[in-house]
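Given chain B's structure and the hints, the job is docking chains L, P and V onto it.
There are 4 protein chains.
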Amino acid sequence: MTNTQIALIQIDNYGPWTTTPEPRREVDLQTLQSRLYADVSQLVGNREGYAFFARFDNLVTVTNGLDREAHRLIQTSLANRYPVTASISIGVDPLPIEALGAASRGLQEAGSAQDSKRREILSGEPLSEDDRTDEDLQIAHFDVNNATEKYTDELNEFDTFINIEQGYAELMRHMRMAHDSLSFFVGGDNVIAVCSGMDKSDYHETIEHVRDAVDVDLKVGVGRARTAQQAGMEAKHALEECRENGSLVELGW
Amino acid sequence: MTNTQIALIQIDNYGPWTTTPEPRREVDLQTLQSRLYADVSQLVGNREGYAFFARFDNLVTVTNGLDREAHRLIQTSLANRYPVTASISIGVDPLPIEALGAASRGLQEAGSAQDSKRREILSGEPLSEDDRTDEDLQIAHFDVNNATEKYTDELNEFDTFINIEQGYAELMRHMRMAHDSLSFFVGGDNVIAVCSGMDKSDYHETIEHVRDAVDVDLKVGVGRARTAQQAGMEAKHALEECRENGSLVELGW
Amino acid sequence: MTNTQIALIQIDNYGPWTTTPEPRREVDLQTLQSRLYADVSQLVGNREGYAFFARFDNLVTVTNGLDREAHRLIQTSLANRYPVTASISIGVDPLPIEALGAASRGLQEAGSAQDSKRREILSGEPLSEDDRTDEDLQIAHFDVNNATEKYTDELNEFDTFINIEQGYAELMRHMRMAHDSLSFFVGGDNVIAVCSGMDKSDYHETIEHVRDAVDVDLKVGVGRARTAQQAGMEAKHALEECRENGSLVELGW
Amino acid sequence: MTNTQIALIQIDNYGPWTTTPEPRREVDLQTLQSRLYADVSQLVGNREGYAFFARFDNLVTVTNGLDREAHRLIQTSLANRYPVTASISIGVDPLPIEALGAASRGLQEAGSAQDSKRREILSGEPLSEDDRTDEDLQIAHFDVNNATEKYTDELNEFDTFINIEQGYAELMRHMRMAHDSLSFFVGGDNVIAVCSGMDKSDYHETIEHVRDAVDVDLKVGVGRARTAQQAGMEAKHALEECRENGSLVELGW
Chain B
1 MTNTQIALIQ IDNYGPWTTT PEPRREVDLQ TLQSRLYADV SQLVGNREGY
51 AFFARFDNLV TVTNGLDREA HRLIQTSLAN RYPVTASISI GVDPLPIEAL
101 GAASRGLQEA GSAQDSKRRE ILSGEPLSED DRTDEDLQIA HFDVNNATEK
151 YTDELNEFDT FINIEQGYAE LMRHMRMAHD SLSFFVGGDN VIAVCSGMDK
201 SDYHETIEHV RDAVDVDLKV GVGRARTAQQ AGMEAKHALE ECRENGSLVE
251 LGW
Chain L
1 MTNTQIALIQ IDNYGPWTTT PEPRREVDLQ TLQSRLYADV SQLVGNREGY
51 AFFARFDNLV TVTNGLDREA HRLIQTSLAN RYPVTASISI GVDPLPIEAL
101 GAASRGLQEA GSAQDSKRRE ILSGEPLSED DRTDEDLQIA HFDVNNATEK
151 YTDELNEFDT FINIEQGYAE LMRHMRMAHD SLSFFVGGDN VIAVCSGMDK
201 SDYHETIEHV RDAVDVDLKV GVGRARTAQQ AGMEAKHALE ECRENGSLVE
251 LGW
Chain P
1 MTNTQIALIQ IDNYGPWTTT PEPRREVDLQ TLQSRLYADV SQLVGNREGY
51 AFFARFDNLV TVTNGLDREA HRLIQTSLAN RYPVTASISI GVDPLPIEAL
101 GAASRGLQEA GSAQDSKRRE ILSGEPLSED DRTDEDLQIA HFDVNNATEK
151 YTDELNEFDT FINIEQGYAE LMRHMRMAHD SLSFFVGGDN VIAVCSGMDK
201 SDYHETIEHV RDAVDVDLKV GVGRARTAQQ AGMEAKHALE ECRENGSLVE
251 LGW
Chain V
1 MTNTQIALIQ IDNYGPWTTT PEPRREVDLQ TLQSRLYADV SQLVGNREGY
51 AFFARFDNLV TVTNGLDREA HRLIQTSLAN RYPVTASISI GVDPLPIEAL
101 GAASRGLQEA GSAQDSKRRE ILSGEPLSED DRTDEDLQIA HFDVNNATEK
151 YTDELNEFDT FINIEQGYAE LMRHMRMAHD SLSFFVGGDN VIAVCSGMDK
201 SDYHETIEHV RDAVDVDLKV GVGRARTAQQ AGMEAKHALE ECRENGSLVE
251 LGW
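Chains as they are written, first to last, in the working numbering: chain B, 1 to 253; chain L, 1 to 253; chain P, 1 to 253; chain V, 1 to 253.
There may be inaccurate statements among the hints.
Each computed SDA-like pair below joins lysine to any residue, with the alpha-carbon atoms no more than 20 Å apart [unchecked claim]:
| hint | chain 1 | residue 1 | chain 2 | residue 2 |
| --- | --- | --- | --- | --- |
| 1 | P | Lys-117 | V | Thr-148 |
| 2 | V | Lys-150 | P | Ala-102 |
| 3 | L | Lys-150 | B | Ala-102 |
| 4 | B | Lys-117 | B | Pro-16 |
| 5 | V | Lys-150 | P | Gln-108 |
| 6 | B | Lys-150 | L | Asp-115 |
| 7 | B | Lys-150 | L | Gly-111 |
| 8 | V | Lys-150 | P | Gln-114 |
| 9 | B | Lys-150 | L | Gly-15 |
Simulated from the structure, these hints should not be mistaken for laboratory data.
These numbers were taken from a predicted model, which means no experiment stands behind them.
Next up, chain B with everything else stripped away, as it sits in the complex (with noise of 0.2 Å):
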């Protein structure tokens, strides 16, 4: 059975601080959250984790294997480097959906988002090395069949980015609903799900949903392991099998 510990990293009074005392550049900003996601994913993969830039502003992460001691030391150094702080909430449950809700939870009642006091809050219990175990983290690695034949080299760009965008919008949604399981684009035409207890029958399931609501054809790979930086590179050798294999579906354990 799975055991997500999500942290949620959110930038303090970011909305306000974008366009105070003067709307700021696009590019710097675009630089700015880029970059900042860019660090956030090294200090957490430096531990095993991963991050997934969701909406720049806030930031999904699955931690399991960082104690209390190591969040905070992400918040420290992006203060440190950055001209805006973070928060940092963590949830931990079997069910990935209810960690990120309790991580949620934990950020909105310690203020606003936009409330110009509430800064670095740390919130939540993270998962004691008692209670960690090598099934904690399902993660799938899903991309699209063939994209760059039937995309990419085919089609004006834009299309081609509508399509995986479509594919990920209801990946996300079903991913979520049916499995109570988070889904993010991570470039290309890939999808990382940090998933349930999700077993075969479910992803051939997902991927059928997929392709009759919106006509797009996926393929995963997952794997299950102590913590996401394993788990998700189990993941992205299945995904390797099910190319030799021309299979769909191919689980690492």
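Relative to chain B, chains L, P and V alone:
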């Protein structure tokens, strides 16, 4: 009338690179993609352009004001600092979707995105100085009405994300189909669009369409200028007026 | 005759910032300083200039080709993305040391580096286009003869470092005293100098001086052009000729 | 008694890479070097270590607390995100200069820095947990007395720089020769040293030596702990005490 110069920047052979000789750590790929995009944002922004991350291995940039040499410099700079190279294709057209179409075709004619021999193509012709006018770019900056009150401070972050994603997916499709325009999610609850010569009623119609289709409420500020930076900044100020006036559509000119 | 435009970039109030409210983590300060410098290098380099890290809180840049607006853009971009701001002062003179002197005075007149009220000064006048010539910049690229064979592959890394540091210290002092030129260590065993109108015998004399004073053997390639980038690249190619010919001084023109 | 673990990080084949097929743009090399160092600072700092830029193609890091796996992770992460790779060699010794000597030899035995076939060596043995104590690291943080008043706000920036460089050169040599310690300029007017078990009189003696030799006045705060981060932070606080008390040497324990 608008005249949009789009430069499509595509990382050469990226899919194979990410899995050769073995799949690479996801947190490192995310860091690489985000920082490469952040750098492109600065390189383009330094000359009044705009850059959108789109799919990260394919970046869509608006480069009115950059000549061929300036595009080549972007390529050289990336090749000197990253473990990958990029091909760039320029397209120009009054309709943004057509400009991107021309750019896409330029790349496709040069070879597949996964052709290991295709490297650092530079294709297409930028607008000559004589052909540029102060109305070349029309940039629209959309955001979700009261997102923080309605979503961020109330819902589970993922459900907020799903709502915003749905709003974006519907907006991006409608703007492309009905108005030949390109829309990009840029973080938070914001979408920036590179528009054709849309007028106030076109924006009202678009906002109603999205409300009817997915029940997401948008407002928009629009700017028009010689460069993306100028038009985009005018759009940001117009959006501030929406916030002050309680209006849904404000044009900066 | 040379005509050097130096822009001195000084981080406002940095000393106090690094220790307020508490001393900040050294690894974060190093990351901040290095990345801010890396960004300045790109912003200046995007317009054919050069940037040297010098003391990191004071960066020395060569900005022939950048107008006042371009300098202001550097300030704005840094202020949008870093937790500190920077003041910039421009000085122009045939002698590099005098150009930097003028730039330094411009900043000092505006207020102390640790004056918490002094923020984002932009002082001084860039060269006007009409006054620019193809001989404005003379850039010299020195390196240590056979450093890898003699030092890196033989000695303790710190003793190699001490040797190179001694060589640099002597070169920097002599070039300033005897030739009004500014020299900067740029990594490895390389030093780049912004020179006055030195000729071949001046470079031979300098190399002998350093050999006699600290027993370090240098060779040098020199370039001359309208911008730092062009002159510097010519110098690099001239240094390659030294390597091929076994000579100690090569001029690119 | 101190017990220093030094990991020397050397970029493989860098000299040839910077000039092949042609010399690369200096501003891009500077950006690459600085960012790679900034990342190493974060990777090492994330585990309580310290990193010094030294010559940029050779980085000296203090890695007490990092095991072999953690060093390998640094290599993998750099290889995934930069166009170069790095070899790492670990040395441990009570005397910092000897630890670096052991690390240097480890690399030299594996092959030349410019051997195109030598890639990603990982050599040497980290301290085992059982052998670590709370006195393993002694870090000293020097700065120049009244540098801003005496230099920055009065002199030409380059002459300030020359003074600080002379002070550093003398300090680095004396600390190595007389105290087997490694000193690194870290920006501004600051030098951080990785020390052997020096006592208060050793620091006073060192400060007098530098004053007599080059007429530069230093003060110093010193810390002692299990990791570089802890010892370094204690040193920073001790330096603050110097500022408050007007003293020249303060020990944190």
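Each hint tested on the structure:
A distance of roughly 16 Å separates the Cα atoms of Lys-117/P and Thr-148/V; the hinted pair therefore holds under the 20 Å criterion. For the suggested pair Lys-150/V and Ala-102/P, the alpha carbons sit about 18 Å apart, so the restraint of at most 20 Å is met. With a C-alpha separation of about 18 Å, the suggested pair Lys-150/L and Ala-102/B falls inside the 20 Å cut-off, and the hint holds. Under the criterion of a C-alpha separation no larger than 20 Å, the hint pairing Lys-117/B with Pro-16/B is consistent with the structure, at around 12 Å.
Between Lys-150/V and Gln-108/P the alpha-carbon distance is near 12 Å, which keeps this suggested pair within the 20 Å criterion. Distance restraint check for Lys-150/B and Asp-115/L: the Cα-Cα separation of roughly 15 Å lies within the 20 Å cut-off, and the hinted pair is therefore satisfied. Distance restraint check for Lys-150/B and Gly-111/L: the Cα-Cα separation of roughly 14 Å lies within the 20 Å cut-off, and the hinted pair is therefore satisfied. For the hint pairing Lys-150/V with Gln-114/P, the CA-to-CA distance comes to about 13 Å; that is within 20 Å, so the pair holds.
Restraint check: the Cα-Cα separation between Lys-150/B and Gly-15/L comes to about 15 Å, which is no more than 20 Å; the hinted pair holds.
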